[in-house]
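One-letter residues, chain by chain:
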Amino acid sequence: MSEKWTITLRTYRQKEGEAPRYDDFTLDVDPDEYVLDAVERVWAFHDRSLCFRHACHHSTCGACGMRVNGVEKLTCITILRDVTQNGATLKVEPLRNFPVVSDLAVDMGDFYKKNEMVDARAVLPVIEAEIEHPSSAWNPNDAQYIRLSDCLECGMCISACPVAATTSEYLGPAPLAAAQDRGIRRNPELLNIVDSEDGLWRCHSAFECTAVCPSFVDPGRRIMDLRKQVIGAKLGQLFGK
Amino acid sequence: MSKPHIIIIGAGFTGVATAHDLALRGCDVTVIERGDICNGTSGRTHGLLHSGGRYAVKDKESAVECIEENMILRRIVPQVIEPNGGLFIAIEESDLSYAEQFIESCEECGIQIDELTPQQALKLEPNINPNLLSAFIIPDGTFDPLRLALAFAGTAKHNGARFRTFTEVEGLLTDGQGNVNGVKVLDRAANRLLELRADVVVNATGAWAGQITGMAGLDAPVQPTPGIMVAYDQRLVQRAVNRLNVPGDGDIVLPQRRMVVVGTTSFDAENVDYIPVTEDQVKLMLERGSELIPGIRNTKPRGIYMATRPLVGGGSGRSIARTFKCFDHKETHGIDGLVTITGGKATTLRIMAEKTADVVCAKLGIDMSCVTKETPLLSYRQYYTIPN
Chain R
725 MSEKWTITLR TYRQKEGEAP RYDDFTLDVD PDEYVLDAVE RVWAFHDRSL
775 CFRHACHHST CGACGMRVNG VEKLTCITIL RDVTQNGATL KVEPLRNFPV
825 VSDLAVDMGD FYKKNEMVDA RAVLPVIEAE IEHPSSAWNP NDAQYIRLSD
875 CLECGMCISA CPVAATTSEY LGPAPLAAAQ DRGIRRNPEL LNIVDSEDGL
925 WRCHSAFECT AVCPSFVDPG RRIMDLRKQV IGAKLGQLFG K
Chain F
13 MSKPHIIIIG AGFTGVATAH DLALRGCDVT VIERGDICNG TSGRTHGLLH
63 SGGRYAVKDK ESAVECIEEN MILRRIVPQV IEPNGGLFIA IEESDLSYAE
113 QFIESCEECG IQIDELTPQQ ALKLEPNINP NLLSAFIIPD GTFDPLRLAL
163 AFAGTAKHNG ARFRTFTEVE GLLTDGQGNV NGVKVLDRAA NRLLELRADV
213 VVNATGAWAG QITGMAGLDA PVQPTPGIMV AYDQRLVQRA VNRLNVPGDG
263 DIVLPQRRMV VVGTTSFDAE NVDYIPVTED QVKLMLERGS ELIPGIRNTK
313 PRGIYMATRP LVGGGSGRSI ARTFKCFDHK ETHGIDGLVT ITGGKATTLR
363 IMAEKTADVV CAKLGIDMSC VTKETPLLSY RQYYTIPN
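Just so you know, the sequences run in chain order R and F. Residue numbering for the first sequence follows the working numbering, beginning at 725 and increasing consecutively. Residue numbering for the second sequence follows the working numbering, beginning at 13 and increasing consecutively.
A couple of the hints might just be wrong.
[Said to hold, decoys possible] Estimated spans, in silico, between C-beta atoms of each pair: (1) R772/R <-> G188/F: 28 to 36 Å; (2) G38/F <-> R845/R: 32 to 40 Å; (3) A768/R <-> K342/F: 31 to 39 Å; (4) D280/F <-> R734/R: 35 to 43 Å; (5) M83/F <-> R845/R: 21 to 29 Å.
These are calculated hints, taken from the structure and not from any lab test. Ideal Cβ positions, reconstructed from N, Cα and C, are used throughout, including at glycine.
Between the sequences and the hints, there should be enough to build the whole structure, so can you do that?
What follows is the structure in structure tokens.
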């Protein structure tokens, strides 16, 4: 970690009642640090008025999602070397499709309401977590373990979603993925929520959500699967099952 | 009669838990936080729900507090907890010599402990060091740091507490005789200065407690003590894995989502707004962590960061007891209206809040006892869905 780069962090700024602008901060950084480190350093040493959200610094809380050079990134695990180069300008902006609270911080209220509406699981049995990593081979004891769900509720899928950009009423990728995870068959009350004007039929299968998800949730695939679940449930209703 | 107004500075674990407790005791509560919720030490905890095992030998008071609070949190906030237990494993002969006092101390502290053969331990956790000599299982757990804070904060909000995030305290307001009766704050989102009055101001700023006490002309009651954490990109264990020995650097590995987190180190610092990561400490975590879980060498680091503990009790380093301190500055310095709570650990946030709320209520003559032990917390999402 002895290498030193100089980068310019072009930072989105917006205070209540003011027009948005970009401020440039020139920083000496270690290229192996994270984008969040650079943002935090701006606040610590250059401009105490900068507002941004962050908590865990290791991709378990989902607070620090931002757009980095136009792409949604969980900034606490995004290494500077992977997104910029020595002498370059790196642009950081708040997530799209959320109201801006200030600067890089957005209001998550509406998004969390939707996750609550589908009662997204916060914890679940380990064996239901769909882990693809072959190296952590399962053993029979795993059935007894509980783990935190993969979805960090970071909102990056909402920011990247072309449909969410057209209407704030759309349930959006993470809540639909959470409904798929809970299952229509086991939770029939979800049917009317997802099979609605602002529900799963609005998805255009752009799969931007899956592309930016930092936590392997794969909302795009889950929405496709949820459609199958919904069709199955409706056919079942039709034939009185 | 209007409710007494309490301002809590800091929306880390202690602040949000104190807000929850005081809201239940009928107070009007405002929490002031300079960043967003949990942006300091609390957010960056490794997420160990302590059984007390790590403290049992050297600090029984902390250990007993941990096991009691561990069991309470499992009950009131299961939505944020991986309740999978923990192992203490012996790798070297020197670890084995610690076993006897470890068993005795755990039993004395009421921490359920069972000995496993290496084969039994490997059956439970196939990725731990296959050369282990002995293992013990204890009721550790892990939790999601932000969601734990959100659950307390959301429930507090449901009971009427207000949260002013991105609001930094610039000074304390006084009554002309040196007693604190409010705060001067900068609303950083609106770029506006405000004065807020309160019956009591609670300083719950953890490692930054000295900045607030400094505004009242008092010394820092806390030694900020950062340590490193490294998260690796595979969930190699289902439960916390500790080195069976005196607590030291890099002696614990915790599962979290699809990761394991290895921690930690311990050194003194003064300004803790930004603590850079150092390469030697990253290497140390890899070396020490892979003694417990060799497979860590085949993973990639996913997040590397520093978290700053607020240690109390004078001196520095690991020898300080991890208990917390609550000061009524009227008792200690003759300054009324200011209470400081600092020290402690995430696992003990509820009892820290209880003791702080007891002090606040005694000052105001409020005769309401604490009910947080028996009060299940609402969904952590309530924090975002309930308007301020």
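Taking the hints in turn, this is what the structure says about them:
no.: 1; hint: R772/R <-> G188/F: 28 to 36 Å; in the structure: holds, 30 Å
no.: 2; hint: G38/F <-> R845/R: 32 to 40 Å; in the structure: holds, 34 Å
no.: 3; hint: A768/R <-> K342/F: 31 to 39 Å; in the structure: holds, 34 Å
no.: 4; hint: D280/F <-> R734/R: 35 to 43 Å; in the structure: holds, 36 Å
no.: 5; hint: M83/F <-> R845/R: 21 to 29 Å; in the structure: holds, 23 Å
Of the hints listed earlier, there is not a single one the structure fails to meet.
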